[in-house]
Amino acid sequence: MTSSAPVLPVDLEAANAPIRKNSIAIRNLVKDYHTPTGTAHVLKGISFDVQAGEKIAILGRNGAGKSTLVKLVGGVERPTSGFIYRGMSMSWPIAFGGGFEPTMTGLDNIRFIARLYNQPIRETIERVDDFAELGKHLMSPVKSYSSGMRARLAFALTLAIDFDCFLIDEVISVGDQRFQRKSHEALFEKRKHCAMILISHDIGIIRSYCDRAVVLKAGRSKVFEDLDFAIQIYSAL
Amino acid sequence: MYAMGRQTTGQKLRSKARTINALLVRELMVRFGHGNIGFMWLVGEPLILTIGVMGMWTLLYGEQKHGVKIMPVVLTGYSTLTLFRHIISRYVNCFRDNAGLLFHRSVRPVDTLIARGLLETVGVLIAFFVAYIPMRLLGYFDPIYDYSLLLSAWFLFCFGISGFGMIVACICQMSETAERFVQPMLYLAIPATGSFFMVAWLPESAQKIVLLSPLVHCNEMFRAGYFGPSVATSWNGWYVVTWALVNNAIAWTLVKRTQRHIEIS
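Here the protein sequences line up with chains F and L, keeping their order.
Per the numbering used here, residue 24 is the first one in the first sequence, and the count goes up by one each step.
Per the numbering used here, residue 150 is the first one in the second sequence, and the count goes up by one each step.
FYI, nobody ran anything at the bench for these hints, they're computed from the structure.
Mixed in with the good hints, there may be bad ones.
[To be verified] Beyond 10 Å from chain L on every Cβ pair, some chain F residues (computed): (1) P32; (2) L35; (3) G105; (4) R138.
[Stated by the list, open to error] Partial selection, computed: residues in chain L whose CB lies under 8 Å from chain F: (5) N170; (6) V174; (7) R175; (8) G249; (9) H253.
[As the list claims (entries may be wrong)] Each pair of labels, with its calculated beta carbon distance range: (10) F:Y56 x L:Q356: 47 to 53 Å; (11) L:T391 x F:S169: 52 to 58 Å; (12) L:A327 x F:Q200: 47 to 53 Å; (13) L:I339 x F:R201: 55 to 61 Å; (14) L:K405 x F:A40: 27 to 33 Å; (15) F:G158 x L:G182: 17 to 23 Å; (16) F:S169 x L:Q160: 39 to 45 Å; (17) L:Y289 x F:S169: 53 to 59 Å; (18) F:A259 x L:A166: 38 to 44 Å; (19) L:R409 x F:A75: 29 to 35 Å; (20) F:E156 x L:G288: 58 to 64 Å; (21) L:I186 x F:A40: 54 to 60 Å.
Backbone N, C-alpha and C fix where the C-beta goes; we use that ideal spot for every residue, glycine too.
Isolated chain L, as found in the complex:
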C-alpha cells in the first residue's frame, strides 16, 4: 500500500491507477470546483471558444470554402488547437504547482502530468461532441464518416502532444528563461498546427512545407475521419505514429531525469 518493497506488477498498476485517479479528481476540483456548473466547465471552456470561432468564420467566409463546409473545418481544427494549447500550458507549471504533493510517496511528478493530460484529452473530446451533436441534429453537419479513424487520430494526437508537452515542461523546469518563450511559441506555432486550413487548399509548394509538421498530419487525419473521401486530405499515419513515439521516448527519459532534481522549498 505504501510502496512496501516487493509488489507484483498488478499491485503496482492498481496503486498507480489509484494515484492518478485521485490526482485527476483533485485537478477537476481545483480548476472547476463545485460552484455553478462545476466541472462541466471542463467542456464549457473549449466549447465557448470553438462555437465563437465557428460563428465568426461563418460570418467572414460564408458557409463554404473551397467546396468544404466551413463549420466542421473550424470545429475539428479548433478542437485540436485547443488541446495543443491546453496541454502545453497545463504541463509547463505542473511540477511547480504540485511540488507539495510529493510528500505523498505514491505521487511522482510524472503522475501529475498524466492526470492533467488525461483530463484535457477527455475534456476537449467531449467538448467536440457537445458541439457536434446539436449541429448534427439540426442538420448543419454531415454525420461523422469514420469514428475509428477520427478517434485514432485524436488519441494519437493527444499522445504525441503529451510527449511534446512533457519535453517542454522538463526544459522549463531546468530553465526559467525557457518558460518565457512558451506562450509566444504557442502562438507562433498556430500555422504549423494546420488548424486553420486544409492542406488541399494550399499551392503545392506550400503543401510540401506544411506537411513536414506532424500536427498538420494529425489534423488532416482527424478531418479524414470526419469528412471521409468526399473531401481531399493528405496525411500519413506512420509519420504521426513515429512522431508520437519519438516524442514520448525523449519525454520519458527527460522526465525521469528531471524528477530526480525537483526540489521543493
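For reference, chain F alone in the conformation it holds in the complex:
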C-alpha cells in the first residue's frame, strides 16, 4: 500500500459493462472499515464479471484487498457501496472450515449443510464420505480432527453441492499429495463446466486453468483479457 508506483485508475470499461443474466457481476464495489486509527478504504471501486463456465483469477499482493473481496463476494459482509449481482449459485469459499461447529460430529456438520442447501441428507453424506474418506471419523466431533482431516471434510462439503460458480481462496493445497491430486481432478476436470473465481499466488495453477484475470492493487482493480499480460503486471507490482 505504501508502494510509490502509480495507483490503478478506475477500470471504467469493466464498471460500465452490461450485466448478463447468468453471470456474476461486481460493480463499483467499495468497502471502508472503521478502525481506531481512522477509516481504512480497503476497496475503492472494484468491477468485474464472471460468465457461466468462466474461470477468472484474482491477482494481488498482500494487503491489496483480496480477502475483503472474498468476504464481500461470499456475502458475509456488505459493501459500503456498489453491488454484486448473482445470476449463478455461488459456493462459499472452497474448503472454508469457519462454518464448522467443532463440538458437532462430522456427520452433524454435513447434515446441517444439507438442510441449509435443501439437499437430500443421506445422499450428501454419501457424497462427502466418498470424497473425504473419513469413514468412522465422521462420527467424532470435528474438534478431534487433524487439520488435514478438517480440510478434507470442508473441501468435500463444498463439492457435495452443485454450485454454478466456485469461490476458491488459496486453499487448493489441502491434505496430502494424493488428496491434492484428487481435489484438483474434482475441481478442474469434473467441474470444468463450472465458473470459478480463483484467488491464488500460484501462478502455475492460474496459468493452466484461468481464462482472464483481475489485478488488484491498493483497492483498485483492472480486468485483463490477456492472462500472460496480467501475470506480468502482477509480477511487477
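Given chain F, work out where chain L should sit, using these hints.
Structure of chain L alone, referenced to chain F:
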C-alpha cells in the same frame, strides 16, 4: 435456491423457514449433542433449577403463602425467569458465535437469533409442563384454569423478551464494555421480573412501582391463566402488547443496522 434474484414471497418464506430449521437443529446439537439424554437437556436444564427452587421454597415458607400454594407460584415465576435469563445470555454472544456461518448466504445474523429464541421459547415451556404434569397427577397442583390466557402470556412474554434480547445483543456487538454489564444486570433485574412475588402480596405503594415493569405484568398474566380468579392478579394485556411491539420495533431496526457492520476475522 441460492438467493437468485427474484423470488416470490412464498419461495422466500420457505427458504427462510428452511434456514431457521437448519440453524435450530444445529443449535440443539451444539448445545446438547447426542450424548446421554441429548437434547432432552433442553428441558432438563431449566427443570432441575425449577424443581430445586420449588423444593427450597416449600421448605422455607411452607406450603402456602398469603393463601396461595407456593409451588405453582415458584413454577410459574421460575419458568419466566429462566426464559428471560436464557434468551438474553444466548443472544448476547450469538453474532460472534455464528459469524462463521455467514459464508452461507442464506444465513443472516438475525436468523441465528430467531433460532435461539425459538429453541428457548419451546424448551422452557416444555420444561414447565414436564414439571406441571406429574405434580398435577400426584394432586399437588390444581389444574391450569385457562390455557389460552396462560399460553398467550407465555408467547407474548417470549416475543417481548426476544425483542429486548436483540437490543442487548446489538448494543453488545457495538461495544464490548456493554457486554460486561449484562450478567450483573440480569441479576439485578430479578425484582423487576415479578418472579418471586405476586403483586397482591405487596403494599399498595410498592404495587404501583412494580407494575411499571412489563415483566411483572407478564408474570401476573401467566399466573392469572394458571390460577384463574381464585387468586388476585393485576395485569394489563395492552401494556404487555405495547411493550413487546415497541421492543421489537426498536430491535429489528437495530438488528438491520448492526447486521451491516458485522465483520468476521
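We went through each hint and held it up to the structure:
no.	hint	result
1	P32	holds, 29 Å
2	L35	holds, 26 Å
3	G105	holds, 14 Å
4	R138	violated, 4 Å
5	N170	holds, 7 Å
6	V174	holds, 7 Å
7	R175	holds, 5 Å
8	G249	holds, 4 Å
9	H253	holds, 6 Å
10	F:Y56 x L:Q356: 47 to 53 Å	holds, 51 Å
11	L:T391 x F:S169: 52 to 58 Å	holds, 55 Å
12	L:A327 x F:Q200: 47 to 53 Å	holds, 50 Å
13	L:I339 x F:R201: 55 to 61 Å	holds, 60 Å
14	L:K405 x F:A40: 27 to 33 Å	holds, 31 Å
15	F:G158 x L:G182: 17 to 23 Å	holds, 21 Å
16	F:S169 x L:Q160: 39 to 45 Å	holds, 41 Å
17	L:Y289 x F:S169: 53 to 59 Å	holds, 54 Å
18	F:A259 x L:A166: 38 to 44 Å	violated, 52 Å
19	L:R409 x F:A75: 29 to 35 Å	holds, 30 Å
20	F:E156 x L:G288: 58 to 64 Å	holds, 60 Å
21	L:I186 x F:A40: 54 to 60 Å	holds, 59 Å
Going down the numbered hints, you'll see the structure goes against 4, 18, while the others check out.
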